[in-house]
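Asker: The numbers in UniProt numbering rise by one with no breaks, and the one at position 90 of the sequence shown is 90.
Keep in mind that the hints are not guaranteed to be accurate.
[Stated by the list, open to error] Cβ-Cβ distance ranges computed for the label pairs, FRET-style:
1) Tyr31 to Lys424: 49 to 55 Å
2) Leu481 to Leu429: 35 to 41 Å
3) Tyr31 to Lys58: 28 to 34 Å
4) Val315 to Asp238: 48 to 54 Å
5) Ile449 to Thr327: 18 to 24 Å
[Stated by the list, open to error] Subject to a maximum C-alpha distance of 25 Å in a straight line, what follows is the list of computed BS3-like cross-link-like pairs (lysine-lysine):
6) Lys89 to Lys412
7) Lys447 to Lys466
8) Lys334 to Lys400
9) Lys162 to Lys190
10) Lys131 to Lys412
11) Lys590 to Lys551
12) Lys334 to Lys162
FYI, nobody ran anything at the bench for these hints, they're computed from the structure.
In this text, a Cβ means the ideal position worked out from N, Cα and C, and glycines have one as well.
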Amino acid sequence: ETQHQFSARESDWGFTSFMPLSELYNPSRGYLVNDTCVIEAEVAVCKVVDYWSYDSKKETGYVGLKNQGATCYMNSLLQTLYHIPYFRKAVYHMPTTENDMPSGSIPLALQSLFYKLQYNDSSVSTKELTKSFGWDMHDSFMQHDVQELNRVLSEKLEDKMKGTVVEGTIQQLFEGHHMNYIECINVDFKSTRKESFYDLQLDVKGCQDVYASFDKYVEVERLEGDNKYHAEQHGLQDAKKGVLFIDFPPVLQLQLKRFEYDFMRDTMVKINDRYEFPLQLDLDRDDGKYLSPDADRNVRNLYTLHSVLVHSGGVHGGHYYAFIRPTLSDQWFKFDDERVTKEDAKRALEEQYGGEEELPQTNPGLNNTPFKFTKYSNAYMLVYIRESDKDKIICNVDEKDIAEHLRIRLEKDREEKERRKKEKAEAHLYTIIKVARDDDLTAQIGKDIYFDLVDHDKVPSFRIQKQMPFTQFKEEVAKELGIPTQFQRFWLWAKRQNHTYRPNRPLTPQEEALTVGQLKEAANKAHNAELKLFLEVELGLDLKPLTLPDKTREDILLFFKLYDPEKEQLRYVGRLFVKASGRPQDILPKLRKMAGFLQDDDVELYEEIKFEPNVMCEYIDNRIIFRSCQLEDGDIVCFQKSPKPDTADQFRYPDVPSFLVYIRNRQVVHFRSLEKPKEDDFCLEM
Numbered sequence: 001e002t003q004h005q006f007s008a009r010e011s012d013w014g015f016t017s018f019m020p021l022s023e024l025y026n027p028s029r030g031y032l033v034n035d036t037c038v039i040e041a042e043v044a045v046c047k048v049v050d051y052w053s054y055d056s057k058k059e060t061g062y063v064g065l066k067n068q069g070a071t072c073y074m075n076s077l078l079q080t081l082y083h084i085p086y087f088r089k090a091v092y093h094m095p096t097t098e099n100d101m102p103s104g105s106i107p108l109a110l111q112s113l114f115y116k117l118q119y120n121d122s123s124v125s126t127k128e129l130t131k132s133f134g135w136d137m138h139d140s141f142m143q144h145d146v147q148e149l150n151r152v153l154s155e156k157l158e159d160k161m162k163g164t165v166v167e168g169t170i171q172q173l174f175e176g177h178h179m180n181y182i183e184c185i186n187v188d189f190k191s192t193r194k195e196s197f198y199d200l201q202l203d204v205k206g207c208q209d210v211y212a213s214f215d216k217y218v219e220v221e222r223l224e225g226d227n228k229y230h231a232e233q234h235g236l237q238d239a240k241k242g243v244l245f246i247d248f249p250p251v252l253q254l255q256l257k258r259f260e261y262d263f264m265r266d267t268m269v270k271i272n273d274r275y276e277f278p279l280q281l282d283l284d285r286d287d288g289k290y291l292s293p294d295a296d297r298n299v300r301n302l303y304t305l306h307s308v309l310v311h312s313g314g315v316h317g318g319h320y321y322a323f324i325r326p327t328l329s330d331q332w333f334k335f336d337d338e339r340v341t342k343e344d345a346k347r348a349l350e351e352q353y354g355g356e357e358e359l360p361q362t363n364p365g366l367n368n369t370p371f372k373f374t375k376y377s378n379a380y381m382l383v384y385i386r387e388s389d390k391d392k393i394i395c396n397v398d399e400k401d402i403a404e405h406l407r408i409r410l411e412k413d414r415e416e417k418e419r420r421k422k423e424k425a426e427a428h429l430y431t432i433i434k435v436a437r438d439d440d441l442t443a444q445i446g447k448d449i450y451f452d453l454v455d456h457d458k459v460p461s462f463r464i465q466k467q468m469p470f471t472q473f474k475e476e477v478a479k480e481l482g483i484p485t486q487f488q489r490f491w492l493w494a495k496r497q498n499h500t501y502r503p504n505r506p507l508t509p510q511e512e513a514l515t516v517g518q519l520k521e522a523a524n525k526a527h528n529a530e531l532k533l534f535l536e537v538e539l540g541l542d543l544k545p546l547t548l549p550d551k552t553r554e555d556i557l558l559f560f561k562l563y564d565p566e567k568e569q570l571r572y573v574g575r576l577f578v579k580a581s582g583r584p585q586d587i588l589p590k591l592r593k594m595a596g597f598l599q600d601d602d603v604e605l606y607e608e609i610k611f612e613p614n615v616m617c618e619y620i621d622n623r624i625i626f627r628s629c630q631l632e633d634g635d636i637v638c639f640q641k642s643p644k645p646d647t648a649d650q651f652r653y654p655d656v657p658s659f660l661v662y663i664r665n666r667q668v669v670h671f672r673s674l675e676k677p678k679e680d681d682f683c684l685e686m
């Protein structure tokens, strides 16, 4: 027996295992009856959601939040806050500047997050926000307390809103007040203390619903016997102690105490008891028994349920998600990290009460006792909105509420993301060509690099369609670099056995007649993702391109670096074609000119062979022909003035080999201030 769910992506399917024919024909197995085998296939058309192809935005109009590891508790809270439009509008109106960075600014990170939740078509990352909290990767994989996170976030935003047009918004939305009182029974003495709250913690244990929890919250405690109250001049007195509410906030956040410490077991436990909560909560019930005498009775404290935050699991972990009614309509939505689905009221309310559930009996004849199991998914936080304030709180939020600099920045980010997405989707149609020139060698050698010739990550790159003829690519180079095609000669780079990377040979006319994709396949034996080329250009005294000389088999292209032992400086000075049958002494006049030496200065030459795992740099005898020196296209020759016997001891590294060994073995430590993370304050060599 087997089954498969067909979808647009899974339109074909086969069996993973087969029955041997010998087993089919075996009479004792009973598959063949009257020489007939019956095969049954049941086809059912059912609405099954394919997780991978599901589109939250398309199905619900909303998008989810990505989970960084253990941030589902934060995601459920952020979705709840986002879907309080008055709060979202206040966040948008917090002053931020175009120079702020989201990773260092909670207001900007939250603005960015809310903007993406409002306008993105796919789930949104919370990494910038957690970075603005100062969290690292470890923190993102630790489950934090939701109530604590809610309070810290509220405090941070409240502080950032001071002195702005949205100052006081957090208090206006979430702050209520209650009065703690102690009233003596036998003497006329009463002590009261007004306190504010942003959320209320309600007992679950021993309470069947929210009303029972409020009854317990305002329950009067008797202070008598050994627990009498010291009433100042009246001494110890019997008294009543309790709490009454002065006012409730427009947005009422109720934290349900699902977790508590069990003293008998010496551990934290989760309370999965059944606990009901109403769609409408009337806190004026029973003639306002929850209200203090100072409460304004003209305010109608009738609330409607906006959000149900759920924890599924035990005390040591689990999963968090939220059921939210963004517009307070009858339609509920489940926000479960990246996934948003439509849900009915039963799923959002009754199924989150907790408690036990009976399993349907599969065989009633065996046992009449129903089997019950504990439901580990239940509500731990409720958000209610006062009916009289809902039109103000469930308001319209559009682009005019978003600062222009933020809108421009986030629109650019969105366009850049779309561009990268498109590039990724079309990557198989393109290839990247890295083009290095003499200018790149001059800019890098002695600064960014010392060994080899160039860091290809820092040279101009071209994203070219594979079907483009290479001749057309040369025209692109001409437009980009200002070098006419007739003055261009391209060389292929090759990785040698000693792990160095050098220009190996010029492209042949036949290769230049290929498409870019064909050339990459033909020339790229290492199957690198990029095609790397060296562009040879000859410049005249007026720095205008000259016609390139023909290259014969006798010609060798060498690259030259100049070393100055006094300055401990190595730099690129150019390249030359030499004859394989020629001698190094033949090119010394040209090298002296390239270096700015006098024509009678003695010059020493060294071949830079490799630097991994150790530096190999060998002296070149001026009198031996280049062919005998085993020099070939792309080789590097380092040269310097010959050290005089009386000055050799003055320099730490008097010759090229000693300097290259020093460079290979040194470790530079860069010290930078947090205020200027891209600038070195100072460096130390180790």
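Asker: Has the given pair, Lys590 with Lys551, been kept, meaning a C-alpha gap of at most 25 Å?
Answerer: It holds: about 19 Å lies between the C-alpha atoms, which stays within 25 Å.
Asker: Just to be careful, I want the Cα atoms of Lys89 and Lys412 compared with a cutoff of 25 Å; is the pair within it?
Answerer: With Cα atoms ~21 Å apart, Lys89 and Lys412 stay inside 25 Å; holds.
Asker: Are the Cα atoms of Lys334 and Lys162 separated by 25 Å or less?
Answerer: Violated, at about 34 Å.
Asker: Given the hint that Lys334 pairs with Lys400, does the C-alpha gap stay at or below 25 Å?
Answerer: 29 Å, violated
Asker: Starting from the range 49 to 55 Å, see whether the pair Tyr31 and Lys424 falls in it by beta-carbon distance.
Answerer: 51 Å, holds
Asker: Given a hint of 28 to 34 Å, does the C-beta separation of Tyr31 and Lys58 actually sit inside it?
Answerer: Since the Cβ atoms of Tyr31 and Lys58 sit about 47 Å apart, the hinted range of 28 to 34 Å is violated.
Asker: Go ahead and decide if the range 48 to 54 Å is satisfied by the Cβ distance of Val315 to Asp238.
Answerer: 40 Å, violated
Asker: Regarding the pair Lys447 and Lys466, is the alpha-carbon distance no greater than 25 Å?
Answerer: Violated: Lys447 and Lys466 sit about 34 Å apart, past 25 Å.
Asker: Measuring from beta carbon to beta carbon, are Ile449 and Thr327 in 18 to 24 Å?
Answerer: Hint violated: Cβ distance 60 Å, outside 18 to 24 Å.
Asker: Are Lys131 and Lys412 close enough, with their CA atoms no more than 25 Å apart?
Answerer: 21 Å, holds
Asker: Is 35 to 41 Å a correct range for the gap between the Cβ atoms of Leu481 and Leu429?
Answerer: 24 Å, violated
Asker: Is the hinted pair Lys162 and Lys190 satisfied, with a Cα-Cα distance of at most 25 Å?
Answerer: Distance ~36 Å between Lys162 and Lys190 Cα, so the pair is violated.
Going down the numbered hints, you'll see the structure goes against 2, 3, 4, 5, 7, 8, 9, 12, while the others check out.
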